[in-house]
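K.L.:
Chain by chain, the residues run as shown.
Number of protein chains: 2
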Amino acid sequence: MSDNNLCTLGSQSVKLKNEVYINASASIVGKKEGEGPLGLLFDMVGEDDMFGCKTWEEAESSLQKDAVYMALGKAGKKPEDMRYIFAGDLLGQSIATSFGIMNYNIPLLGVYGACSTCGESLSLGAMAISGGFAEDVICVTSSHFASAEKEFRFPLGYGSQRPLSASWTVTGSGAFVLGKQRQDGAVARITGMTIGKIVDFGLKDSLNMGACMAPAAASTIASHFVDYESQPEDYDKIITGDLGSVGQRVLLDLLRDKGYDIADRHMDCGMEIYDAGSQDTHAGGSGCGCSAVTLSAYILKQLSEGNWKKVLFVPTGALLSKTSFNEGQTVPGIAHGVVLEGL
Amino acid sequence: MSDNNLCTLGSQSVKLKNEVYINASASIVGKKEGEGPLGLLFDMVGEDDMFGCKTWEEAESSLQKDAVYMALGKAGKKPEDMRYIFAGDLLGQSIATSFGIMNYNIPLLGVYGACSTCGESLSLGAMAISGGFAEDVICVTSSHFASAEKEFRFPLGYGSQRPLSASWTVTGSGAFVLGKQRQDGAVARITGMTIGKIVDFGLKDSLNMGACMAPAAASTIASHFVDYESQPEDYDKIITGDLGSVGQRVLLDLLRDKGYDIADRHMDCGMEIYDAGSQDTHAGGSGCGCSAVTLSAYILKQLSEGNWKKVLFVPTGALLSKTSFNEGQTVPGIAHGVVLEGL
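If you read the sequences in order, they're chains G and A. Be aware that the first sequence starts at 67, since it is given in this note's numbering, and climbs by one per residue. Be aware that the second sequence starts at 67, since it is given in this note's numbering, and climbs by one per residue.
Honestly, I wouldn't trust all of these hints.
The list cannot tell twin chains apart, which means a pair is met if one copy fits it or any two copies do.
To be verified - Calculated pairs, SDA-like style, for lysine to any residue (alpha carbon to alpha carbon, straight line, at most 25 Å):
{"no.": "1", "residue 1": "K144", "residue 2": "E338"}
{"no.": "2", "residue 1": "K246", "residue 2": "S344"}
{"no.": "3", "residue 1": "K246", "residue 2": "E85"}
{"no.": "4", "residue 1": "K81", "residue 2": "N392"}
{"no.": "5", "residue 1": "K246", "residue 2": "N71"}
{"no.": "6", "residue 1": "K144", "residue 2": "F267"}
{"no.": "7", "residue 1": "K120", "residue 2": "D271"}
{"no.": "8", "residue 1": "K388", "residue 2": "F220"}
{"no.": "9", "residue 1": "K81", "residue 2": "K246"}
{"no.": "10", "residue 1": "K144", "residue 2": "P103"}
{"no.": "11", "residue 1": "K388", "residue 2": "N373"}
{"no.": "12", "residue 1": "K246", "residue 2": "D323"}
{"no.": "13", "residue 1": "K270", "residue 2": "T396"}
{"no.": "14", "residue 1": "K143", "residue 2": "L72"}
{"no.": "15", "residue 1": "K144", "residue 2": "D266"}
{"no.": "16", "residue 1": "K83", "residue 2": "C119"}
{"no.": "17", "residue 1": "K97", "residue 2": "E299"}
{"no.": "18", "residue 1": "K376", "residue 2": "D250"}
The hints are simulated quantities; they were obtained by calculation from the structure and are not laboratory data.
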């Protein structure tokens, strides 16, 4: 391949030569998410957060399994049609993924980017197709309120008080069938991406992850504008994953400092998925599942209906573990941007 | 891109149209690994396993930092020359990676495949270059005996007895600079890969990971032969990551059942890195670092010196977590195959 076949753009972006179709997607959420503002849009809502399983981790695995099943069904595809599955979650060693998707027998490329994993999986999935390594792939990510609280913070039984800056981990999973060929029912195109760097402003508060992640989101979004030689006005929406209301303020301020005002077109999945006032979710929703289910149920719907033409979708992740937290480390952030366009 | 530009092979393999060069690599290990049979080959050996840090996790992070630093130095490259870093480790939320590589400011694509992560990072890194998404990338993985025992099994202070089937997690990190262009000092080429599926034979013994991973290794190796229409004789060596002596026997038996005899050319990194008899390591070495440092120090040396022309390198991973283990789940395996050829 000669050099002019490179599809890199600026310092950290890619503009795909061969656009990739999102041929189908599916979302499954828990009871609380089903009661939120987007409740009616999800493909499936659980009656309780155990989903018929014995443990929270198994329940989260069942979310991935169901999301993949529904997305494949909508695309009219079988597991064996998928060349790879790009999958991940928040739990140690990504066990929600391992036990959720193993029976599909799809070659697995496991990814980890904390709550930015949905953006990473879509980026790598689109590269795999656009680069000629696959015709069809599936991407899936998940989170679960109870498995995440156990993994990162306090046992739920303690009934710990949550500060107003805390977010509520979304119980949910979103799956996306990407293809080289546009199928009937395709909902959008992936046309490019901006791969994020780790950004660490030195914050150490695991109950204010919005502030920890906002600098990474600002970095990725600003780099995207520079690489693409674009402006906020070129996008109908600029959508972060789970900054919540505290992180949003930080993001808007940081981007203003860099000369970009995105206030009139910024949306945060974490602020859309719950009614913070009535649902007691404080700063907003978070987790690998938050951006994934909001993308599937709401964002792709707006794109497929033509209400939006082009959005920059930027899932945001906090690189936190209970071990690093207990050892006094900071909570660095990372965010990956994906350019989504209507058909 | 037209359909004939697809470089997929069979059901789970890729044959790269544009081969990718391993332009440099570096390895760093702990004291015990330095005392083993490969000790003189590693680029750096620590005087103790803390590497000047306060915690085991920080020590593991410093391994990744040093491996990347040395590999970039050998390649004559700066961090900003790297388009992406494909990185991962065994710890929850991949914290060895986050805190190890963040100061390089390279766009990060975090990967998780347990001890197969080295194979996954090389596969995705090579696809990114071959597909036109980068000119140069770096791949790094690590493990640390003490951080891994804490993450997966018993506190070291308990002095738990280890059965003979147990493996010893390698303290070490290996980094690989991949490039589209062959540089002076390049050591090998990546010409293809076979992406593995999760294989679960129902084993639940976290102290016999070789047996847990061997079925996945057998699956990937057999699929590779089918996809490539090749035979064991087409490779100078077929090299697994960390099956150890117990897993090796299982692998050879399973492959014989499938009609392949690889006994005369099989090598396992975990069996090479320690002298099991004198070093009390039982079944052998394991961990993300095991295959990575053995690849960098030993396998690539054989390829660059022309002693071997072509090998199939198959890092093996056990998809275990302490949570899933304590909840009674099995230990499924995964293995990714990478075809490495001399220059």
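K.L.:
Could you run down the list of hints and mark each one as holding or not?
P.N.:
We went through each hint and held it up to the structure:
In the homo-oligomer, the alpha carbons of K144 and E338 never lie at most 25 Å apart, since the shortest distance is 32 Å inside one protomer and 41 Å across protomers. For the identical chains of this complex, K246 and S344 are neighbours neither inside a copy (43 Å) nor across copies (55 Å), given an alpha-carbon limit of 25 Å. Proximity of K246 to E85 under the C-alpha cut-off of 25 Å is found in both arrangements, the shortest distances being 8 Å within a copy and 23 Å between copies. In this assembly of identical chains, K81 and N392 lie within 25 Å of each other by CA distance neither inside one copy nor across copies; the values are 40 Å within and 45 Å between.
Proximity of K246 and N71 under a CA criterion of 25 Å is satisfied in both settings, with 18 Å inside one chain copy and 12 Å between copies. In this assembly of identical chains, the alpha carbons of K144 and F267 lie at most 25 Å apart only when taken from different copies (23 Å versus 44 Å within one copy). For the identical chains of this complex, K120 and D271 are inter-copy neighbours only, at 21 Å across copies versus 32 Å inside a copy, given an alpha-carbon limit of 25 Å. In this assembly of identical chains, K388 and F220 lie within 25 Å of each other by CA distance both inside one copy and across copies; the values are 10 Å within and 17 Å between.
Taking identical chains as interchangeable, the C-alpha atoms of K81 and K246 lie at most 25 Å apart whether they share a chain (15 Å) or sit on different chains (19 Å). Within a single copy, K144 and P103 get their C-alpha atoms no closer than 32 Å, and across copies no closer than 48 Å, so neither meets the 25 Å cut-off. Neither within a single protomer nor between protomers do K388 and N373 lie at most 25 Å apart by alpha-carbon distance, with minima of 41 Å and 46 Å respectively. Within a single copy, K246 and D323 get their C-alpha atoms no closer than 39 Å, and across copies no closer than 37 Å, so neither meets the 25 Å cut-off.
Proximity of K270 and T396 under a CA criterion of 25 Å is satisfied intra-copy only: 4 Å inside one chain copy versus 35 Å between copies. With identical chains, the CA atoms of K143 and L72 are at most 25 Å apart between copies only, with a shortest distance of 20 Å across copies and 31 Å within one. For the identical chains of this complex, K144 and D266 are inter-copy neighbours only, at 21 Å across copies versus 42 Å inside a copy, given an alpha-carbon limit of 25 Å. In this assembly of identical chains, K83 and C119 lie within 25 Å of each other by CA distance neither inside one copy nor across copies; the values are 44 Å within and 45 Å between.
In this assembly of identical chains, K97 and E299 lie within 25 Å of each other by CA distance neither inside one copy nor across copies; the values are 36 Å within and 57 Å between. Proximity of K376 and D250 under a CA criterion of 25 Å is satisfied intra-copy only: 20 Å inside one chain copy versus 44 Å between copies.
Checked against the numbered hints above, the structure breaks hints 1, 2, 4, 10, 11, 12, 16, 17 and satisfies the rest.
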